[in-house]
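2 protein chains.
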Amino acid sequence: MNEHTIAPADVTRVTCIGAGVIGGGWIAHFLARGYHVTAWDPASDTESKLHRLIEAAWPALTELGLAEGASRENLTIAPTLEEAVSSAQFVQESAPETLELKQDLLARIDAATPADVVVSSSTSGYGMTEMQAHCPTPQRLVVGHPFNPPYLIPLVEVVGGEKTEHRAVRWASEFFEIAGKSVITMDREVPGFIANRLQEAIWREALHMVANGEATPAQIDTSITEGPGLRWPLLGPCLTFHLAGGEGGMAHMLDHFGPSLKSPWTRLEAPELTDDLRDRMVQGCEEAADGRSIADLVSDRDRAIIDVMRAIDGVRRGDS
Amino acid sequence: MNEHTIAPADVTRVTCIGAGVIGGGWIAHFLARGYHVTAWDPASDTESKLHRLIEAAWPALTELGLAEGASRENLTIAPTLEEAVSSAQFVQESAPETLELKQDLLARIDAATPADVVVSSSTSGYGMTEMQAHCPTPQRLVVGHPFNPPYLIPLVEVVGGEKTEHRAVRWASEFFEIAGKSVITMDREVPGFIANRLQEAIWREALHMVANGEATPAQIDTSITEGPGLRWPLLGPCLTFHLAGGEGGMAHMLDHFGPSLKSPWTRLEAPELTDDLRDRMVQGCEEAADGRSIADLVSDRDRAIIDVMRAIDGVRRGDS
Numbered sequence: 003m004n005e006h007t008i009a010p011a012d013v014t015r016v017t018c019i020g021a022g023v024i025g026g027g028w029i030a031h032f033l034a035r036g037y038h039v040t041a042w043d044p045a046s047d048t049e050s051k052l053h054r055l056i057e058a059a060w061p062a063l064t065e066l067g068l069a070e071g072a073s074r075e076n077l078t079i080a081p082t083l084e085e086a087v088s089s090a091q092f093v094q095e096s097a098p099e100t101l102e103l104k105q106d107l108l109a110r111i112d113a114a115t116p117a118d119v120v121v122s123s124s125t126s127g128y129g130m131t132e133m134q135a136h137c138p139t140p141q142r143l144v145v146g147h148p149f150n151p152p153y154l155i156p157l158v159e160v161v162g163g164e165k166t167e168h169r170a171v172r173w174a175s176e177f178f179e180i181a182g183k184s185v186i187t188m189d190r191e192v193p194g195f196i197a198n199r200l201q202e203a204i205w206r207e208a209l210h211m212v213a214n215g216e217a218t219p220a221q222i223d224t225s226i227t228e229g230p231g232l233r234w235p236l237l238g239p240c241l242t243f244h245l246a247g248g249e250g251g252m253a254h255m256l257d258h259f260g261p262s263l264k265s266p267w268t269r270l271e272a273p274e275l276t277d278d279l280r281d282r283m284v285q286g287c288e289e290a291a292d293g294r295s296i297a298d299l300v301s302d303r304d305r306a307i308i309d310v311m312r313a314i315d316g317v318r319r320g321d322s
Numbered sequence: 003m004n005e006h007t008i009a010p011a012d013v014t015r016v017t018c019i020g021a022g023v024i025g026g027g028w029i030a031h032f033l034a035r036g037y038h039v040t041a042w043d044p045a046s047d048t049e050s051k052l053h054r055l056i057e058a059a060w061p062a063l064t065e066l067g068l069a070e071g072a073s074r075e076n077l078t079i080a081p082t083l084e085e086a087v088s089s090a091q092f093v094q095e096s097a098p099e100t101l102e103l104k105q106d107l108l109a110r111i112d113a114a115t116p117a118d119v120v121v122s123s124s125t126s127g128y129g130m131t132e133m134q135a136h137c138p139t140p141q142r143l144v145v146g147h148p149f150n151p152p153y154l155i156p157l158v159e160v161v162g163g164e165k166t167e168h169r170a171v172r173w174a175s176e177f178f179e180i181a182g183k184s185v186i187t188m189d190r191e192v193p194g195f196i197a198n199r200l201q202e203a204i205w206r207e208a209l210h211m212v213a214n215g216e217a218t219p220a221q222i223d224t225s226i227t228e229g230p231g232l233r234w235p236l237l238g239p240c241l242t243f244h245l246a247g248g249e250g251g252m253a254h255m256l257d258h259f260g261p262s263l264k265s266p267w268t269r270l271e272a273p274e275l276t277d278d279l280r281d282r283m284v285q286g287c288e289e290a291a292d293g294r295s296i297a298d299l300v301s302d303r304d305r306a307i308i309d310v311m312r313a314i315d316g317v318r319r320g321d322s
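Chains A and B supply the protein sequences, listed in that same order.
Going by the numbering used here, the letters in the first sequence line up with residues 3 to 322, in that order.
Going by the numbering used here, the letters in the second sequence line up with residues 3 to 322, in that order.
Take these hints with a grain of salt, some might be off.
Copies of the same chain look alike in the list, so a pair counts if it fits in one copy or across any two.
Here are the simulated lysine to aspartate or glutamate pairs, DMTMM-like style, with alpha carbons at most 25 Å apart [what the hints assert, rightly or not]:
1) K51 / D292
2) K165 / E191
3) K165 / E57
4) K51 / E249
5) K51 / D302
6) K264 / E191
7) K264 / E132
8) K264 / E167
9) K264 / E99
10) K51 / D298
11) K165 / E289
12) K51 / E274
13) K165 / E288
14) K165 / D257
15) K165 / E176
16) K51 / E167
17) K51 / D118
18) K264 / E102
19) K165 / E216
20) K165 / D47
21) K51 / D12
22) K264 / E216
23) K51 / E84
24) K264 / E164
The hints are simulated quantities; they were obtained by calculation from the structure and are not laboratory data.
Pulled out of the complex, with its shape left as it was, chain A reads as follows:
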């Protein structure tokens, strides 16, 4: 990317490389947001699979509200990777999670994409530093990690590699926001980024419990869907525990329940609860609460739990 880079708000054409579940989900999302999408995938049945995926997603996307000019007709399948990216204004790569494959593919994309265009990878497992190793212009490559299905789940985690320019990261974050996603911009690479580290911690604890005969998969799922899972769509783990501290919030929670961090409630060892960590959590919760009092948060939480339970009951009963 350079001084001629298009402004994120001016992008009208997006290229998606890879059209499986994730790539196809991105394509459905970009079409619904009104972009012209060019797709390429080496599989021979790409066109038919992609049409099925988009057909299946379109009613939901229509219900959520299509952008002006959004149409399934705005999709072009390119015959080669090079043609797909040659006039791209933004490229999203969603190939299988194999490092060598990603390295080679990103090098090919990088070589064929105009120099002022940002290239983003959907990888969930690799850092951009290792993936951009063979790229001629690695400074415009970023990770833009979505969640399945990308046309519904808003989260995208954006982070660069060692050779990525900061402005490419900033550009990608701004573009994803404009394209309707909720963006977390990370300052540095961490394996698994943020959400997958938290998910993976739950997943490994769950596997340990099953391996030890302490719980069945059905019990594990019920413990989430009938319990904390009902709070998490509104309040993440930090604000959830901010409320657990009562009127004293996170400060009270850490000062009084800090010792329980040493309890064997998971196989994951706790960090040392230093004064610095305590203060970061307290200030971070203030920031996340964004002016909402504990009473406001409790009242919103209760409202959200009721509405989420009703929404889920409706789905379980098969209401349309």
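Starting from the known structure of chain A, arrange chain B on it as the hints suggest.
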């Protein structure tokens, strides 16, 4: 408990010992389900605090649907613990989380409660084996661990201690189900039970990330509320990964992505993925899926994500 124990469906009177946030939440729940509740708490302002809590919860409980005969008038504050339990048909203890306090309180409750009545503790941190140490008739003591707020979150984890009779555990599970809760009956004591072990794994990973400057509390919360948190009210972690395996489900997921368990995506070490663990996960997911195909689950998931996002948007906008 003995052969004269009342049937769970015949219970009309419940005693709650401790009337703080959790005890008060239980009282609101039992009143809404039509029970007569007797409460005792050593604090001098119990009555006024309890009335405020019940007043605040009642509109939500009314909206969710009160049981026949449910009334806030069906609450009696007893002057002593002994009077509170003397004619109880079921006792729920929700005292502060201090082992010595719980041991002494449960011994007092046990001594004063009719022998054929089940006594349950709301503890989130202790096992019944250590709590029942000083009880004269420990065989009728169980853990019945709720989630905050107990009048909204359905989950209750039920487990006995070493001296608890199996029929007391069975009785409590049946009673909680009748009283409108979603019950997980555990075969054996595990520190933190199930949901809190999973929550605690997320929490510790989150604390590590903040301590290392890898993420802020606000980013951690956003990564859940805009990401996997939108799926968890419908599908727990096991069925979520069952879908991540595509048409092959959990079997495909473990056989193909098993090696990623070794990735440093969390500080929690993974268990060895033995054939036995693999088979338990695959069979457990079949059981949890309960006849629903992958396509059914995907379609329900998408419906649920949309409805949950709408519910949360409504709460954020302040719709009533």
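Checked hints:
no., hint, verdict
1, K51 / D292, "neither (44 Å within a copy, 28 Å between copies)"
2, K165 / E191, "within (12 Å within a copy, 51 Å between copies)"
3, K165 / E57, "neither (39 Å within a copy, 59 Å between copies)"
4, K51 / E249, "between (53 Å within a copy, 14 Å between copies)"
5, K51 / D302, "between (41 Å within a copy, 21 Å between copies)"
6, K264 / E191, "between (28 Å within a copy, 18 Å between copies)"
7, K264 / E132, "between (36 Å within a copy, 18 Å between copies)"
8, K264 / E167, "neither (41 Å within a copy, 30 Å between copies)"
9, K264 / E99, "between (36 Å within a copy, 15 Å between copies)"
10, K51 / D298, "between (46 Å within a copy, 18 Å between copies)"
11, K165 / E289, "neither (31 Å within a copy, 47 Å between copies)"
12, K51 / E274, "neither (50 Å within a copy, 36 Å between copies)"
13, K165 / E288, "neither (34 Å within a copy, 45 Å between copies)"
14, K165 / D257, "neither (42 Å within a copy, 34 Å between copies)"
15, K165 / E176, "within (20 Å within a copy, 60 Å between copies)"
16, K51 / E167, "neither (36 Å within a copy, 57 Å between copies)"
17, K51 / D118, "neither (32 Å within a copy, 63 Å between copies)"
18, K264 / E102, "between (41 Å within a copy, 18 Å between copies)"
19, K165 / E216, "between (46 Å within a copy, 19 Å between copies)"
20, K165 / D47, "neither (36 Å within a copy, 62 Å between copies)"
21, K51 / D12, "neither (30 Å within a copy, 57 Å between copies)"
22, K264 / E216, "both (20 Å within a copy, 22 Å between copies)"
23, K51 / E84, "within (22 Å within a copy, 69 Å between copies)"
24, K264 / E164, "between (36 Å within a copy, 24 Å between copies)"
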